[in-house]
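Chemist: Make the full structure from the sequences, and use the hints.
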Amino acid sequence: MIRFQNVNKWFGSLHVLNDINLQVSAGEVVVVCGPSGSGKSTLLRCINRLERIQKGKLFVDGMPVHDSTINLTKLRAEIGFVFQQFHLYPHLNVLENVTLAPIHVRGMKKKEAEELAMEKLERVGLADKATAHPEQLSGGQQQRVAIARGLAMSPKILLFDEPTSALDPEMIGEVLSVMVKLAEEGMTMCVVTHEMGFARQVAHRVIFMDEGKIIETGKPDQFFDNPHSDRAALFISKILKH
Amino acid sequence: MTVLISGASLFLGTILGFLLGMVRSRKNRLVNPLIGFFVDVMRGTPFIVQVFIVFFILPEFGVELEAFTAAVLAMTIMGSAFICEIVTAGILAVPKGQWEASSSSGLNILQQLRLVIMPQAMKTILPPLVGQYVLLIKDSSVVSAIGVVELTRVGWLTVVRIPEGLMVFSLVAALYFAISYPLIRISNSLERKLTVNRVSL
Ligand SMILES: Nc1ncnc2c1ncn2[C@@H]1O[C@H](COP(=O)(O)OP(=O)(O)O)[C@@H](O)[C@H]1O
Ligand SMILES: [Mg+2]
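Chains as they are written, first to last, in our numbering: chain G, 171 to 412; chain D, 357 to 557.
Some clues are possibly wrong.
Simulated crosslink set (DMTMM-like; lysine to aspartate or glutamate; CA at most 20 Å straight-line) [said to hold, decoys possible]:
no.	chain 1	residue 1	chain 2	residue 2
1	D	Lys383	G	Glu305
2	D	Lys452	G	Glu305
3	D	Lys479	G	Glu305
Simulated from the structure, these hints should not be mistaken for laboratory data.
Modeler: See the structure below:
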């Protein structure tokens, strides 16, 4: 579904992605972790081309993302992206946030899009908030709306960039449980997170990054209990202390 | 007459200003310096000089405009420069995440501007825009006070009679610009520094 082949990217002189090779199959849930600044967000953002790769090849559902002539709208319609800071549209209510892309990108009728949106809001447990505005919602609720917004495009892939890092601890659970449900339903997911519980419960693979490189890949239990590299061991001991 | 000139030039200046502002906020490396220079020139020269240039110097190049058209043209161009500044600032005040979220859902750039960015930018744009309208309406009195209808004909004759007239206007414009351009640059860079500081706090 997603294939990185010797992908490289620089920000000026900073080598932020260093020869990345990675495959994610349909239905797979991959957790990406690593210290801050190691390139996790950039890795994710290359997949829907919020960032351009500079060397190597990157395929998403057969589409060559490294090729500048591809249809970006088509690529992005297949990928839902959930941000750390939610980025809901503050001038629209919850329902309008979710229906915006189905109406204007998919060309759905308003009524049809609203039915679809209500179904997605139901899935994240927020059907009763359809007419609320984002600022009236808690962080956890906003993030669940953001997930519903991503789901409304019926994507093949969902990308999450630290979806619970901006949340108060008591709200992390409600967001994670929505994500667990999606994972169990067979959604292809790449999740940048340090939530070990989530990783152990649903991830098929954990990828550990440092300084733009993939240092280590493993099954969650193996990775967290017996990391191969010292860097990963150090990192795990740090997140455990939290 | 004044009302008509103000109305027409505010309308056209707003459209042109919004277009320029939206293009400028995309930070295209080729187009941006051009728009930036245009805005700086317009901000750096007195309106009266710009009016005289449209009225007296354009005819020298064979562009003979009716008085009304000339007045509207001068005011539209000037207005669009100021409005461009306001619109650019308004768009840049919308968090980057709004661009990222909307492009991630597959909206194209026109849809992003129309559905997501501009509705939010308008909050920042409206107050200074209204202020700018007031200033522009005041400026329109410059055009009408010297009597638009006579101005072109009389001025035209003057310029023809004194060939230096053309030179004088160009010189005055250049002089003003030489003084105010560095000031504009300084204020721009100050603005940028202050914004950066605020972000990094
Ligand atoms: N747009 C950018 N311009 C310049 N440097 C950037 C940009 N985005 C990220 N970086 C840098 O690239 C590195 C990797 O960033 P990122 O992918 O966000 O890491 P992570 O998500 O693992 O914390 C960091 O050092 C960061 O400062
Ligand atoms: Mg990050």
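Chemist: Now, for every hint given, state plainly whether the structure supports it.
Modeler: Now the hints, each set against the structure:
| no. | hint | result |
| --- | --- | --- |
| 1 | Lys383(D) / Glu305(G) | violated, 30 Å |
| 2 | Lys452(D) / Glu305(G) | holds, 18 Å |
| 3 | Lys479(D) / Glu305(G) | holds, 16 Å |
In the structure shown, a violation is registered for the earlier hint numbered 1 alone.
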